[in-house]
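Asks: Using the sequences and the accompanying hints, generate a full structural model.
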Amino acid sequence: MSTHPLVELAQRLVPAHVVSGDVESSDGRLDALRREGLREFVRMGIPTTRHEEWKYTNLFPFIGLDYSYVPVRWSARAASTDARTSMTEVASALGQHISIRIVDGVVEANLTNVPDGVDILELTSDIVENDKDVARTLGSGAPIGSHPFVALNTALLESGIVIRLRKGVQCELPIHLSVETTANASTLIAPRLLIIAEEGAEADIIHSSHTSGGATVLDVTVVEASIAATAHIRYYKIADDSDASRSISSVTADVHRDATFTSHALSIGGRFVRNDLAIRLCEPSSQGFLYGVSLLAQSEYTDNHTVVDHMVPHCHSEELYKGIYDGSSTGVFNGKIYVRPQAQKTTAYQSNHTLLLSSKAQVQAKPQLEIWADDVKCSHGATMGQVDDEAIFYFRSRGIDEATAKALLTYAFVSEVAEKISLEGLRELVMRRIARRLSAESILA
Amino acid sequence: MTPLLQITNLHASIEDREILKGIDLTVNAGEVHAIMGPNGSGKSTLASVLAGREDYSVTEGSVLFNGKELMELSPEERSREGLFLAFQYPVEIPGVSTANFVKTAVNESRKHRGQEPLEPAAFLALMRERMALVEMDPSFLQRSLNEGFSGGEKKRNEIFQMAMLDPVLAVLDETDSGLDIDALRIVASGVNALRRADNATIVITHYQRLLDHIVPDYVHVLWNGRIVKSGDKSLALELEQRGYDWLKQEAAVEA
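Order-wise, the sequence lines are chains A and B.
For the first sequence, the numbering used here gives the first residue as 1, with consecutive numbering after it.
For the second sequence, the numbering used here gives the first residue as 1001, with consecutive numbering after it.
Possibly wrong hints are sitting among the right ones.
[Said to hold, decoys possible] Mimicking DSS-like on lysine-lysine, the simulated pairs with C-alpha atoms at most 30 Å apart in a straight line are:
(1) Lys1021/B / Lys406/A
(2) Lys1068/B / Lys406/A
(3) Lys420/A / Lys1154/B
(4) Lys377/A / Lys406/A
FYI, nobody ran anything at the bench for these hints, they're computed from the structure.
Note that the coordinates shown come from a computational prediction; the quantities given were computed from them, not determined experimentally.
Replies: Take a look at the structure:
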């Protein structure tokens, strides 16, 4: 069998000394990790729809393109001021914020307004060697051995971004990581982000991608978060991108005692989005909140695979994903909850609701609860359907036409989860987008 | 004077089963009509057909509303023309606040009449005033429409909406069902407060009880898809005492 072009590309990109690891004594941790990544990627190859985890994820139309790889590297120059128009809307919704941009692979961090105790660092082999938190976090959560694209990202890992929040720091300003890529030929990017929240730290981290230029951009992102005791991190993954974007991401978070990790997966644009999110509740009284909004049209595809792992007693998780699928779009939700034998007194709730606006739109929903403990409260629910006819008639009988009634009802449907977004500007942006998609901006304003 | 509503030989079916078999009814401005009848006689079907519920097909006859053929209008157009249906089972709408719903509805009607939308402050004042008619707490405005409302609260909310839309003709479909006597009194006094010489009300009910509070000018008995007897308010009292069986027999003899 011939080697897949993407595997070939990875093999070409990883230097020989990393691949061979000849000189074990001088071989750094980063190189060792890259070697493992490449080995696993070559072993697993490109997943097909025969693979259970990739059953509905049709990579075939774009995965075999002849990609050029644009590595992430840190810029010596000051941050440029010319923002792509596609990201300005997100940036302006956030108001004053800390901006980290990866523009065509070049990291441009504006660190002038970064408060004390918030470190935004380049991920280098030095820092991996010398910083025990970075060393502990990198490669700890990401499923290198089971997720082919995590393996690919790891194989290509030369540089990346570390956001570290020092003990007790409450970062008032949201931190925005914006990945902006202009491509005139098929382009592969593989950003890596580490989030290290020390004890009691708190921050909002927004992660969005913006593609321009018309050629396909395949973004294979890996985020690893380590949330120490009593820290609270809210992470927003925004897919609001052009038709040329193909996004595959893996986010993992280890949550410790009395800490919380809140994730919002906001898919409001983009041809192809595959989000894997895994939250490990590692110490008692840790909490995970998983929210998602997928607003799809035309032939868009969004696939959310989530895992909540209750490893110890007295942890709590709450998951709510809502989808509105129009056109011939497809939405996938796969939600796993593991409750380990020792994880008594777990409370874990999952729900996933979908509204289909078109007869050609598709939904695949699969809740998967594996509960080994016996003293737990767990529930899951999944619904899919159309806007309720009786509700529409109620609106019409009050003089509100059918299109407006549908828009109001659809908007109401998704607002339940959008309301969980604590950043007001971002929440309003999402709601505005939804209103725009429903062609109902005037009535919903 | 043109009647407000003139129903002539109205036939309606659902899934090929004929429910209304030739209804004739004339309602003039300033009048309150009660339509009574046993379960399954077609009362709620009549309300649904007037409001434009699409499950029913009208197979024969006509309904003139202010001189316009009602059956040619969409449900929303009927509402904007001044028809109001108070639902027997008001629908719960999670995520849409009562205030936003009522505001959207009222502004649609205003637009239809060529009026500007009301200013927010004036609108809020108007909503508070009309809520007081049915003793509804203003906190309901921010709550999702009907969601988690008690039976009585839902019915009061219907009359509140009616007060906001200020219809020419209101059809109250079993508004008394599920109400205790206090809620019934509140709902009825709201309806009475809205009575004027230039509007009219059709009260559909199974029981005479509501008619103690909303006193009708005419009472009609619907049975087997037809109005089999009409009279004044004393007919309701007679039905209360004698039940419907004597009328069914009379109707059977006539047919």
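Asks: Hint by hint, note whether the structure agrees.
Replies: Evaluated hints:
At roughly 34 Å between alpha-carbon atoms, Lys1021/B and Lys406/A are farther apart than 30 Å, so this suggested pair is violated. For the given pair, Lys1068/B sits about 28 Å from Lys406/A by alpha-carbon distance, which is consistent with the 30 Å threshold. Our distance criterion of 30 Å between C-alpha atoms is met by Lys420/A and Lys1154/B, whose separation comes to about 28 Å. For the proposed pair Lys377/A and Lys406/A, the alpha carbon gap of about 35 Å is over 30 Å, so the pair is violated.
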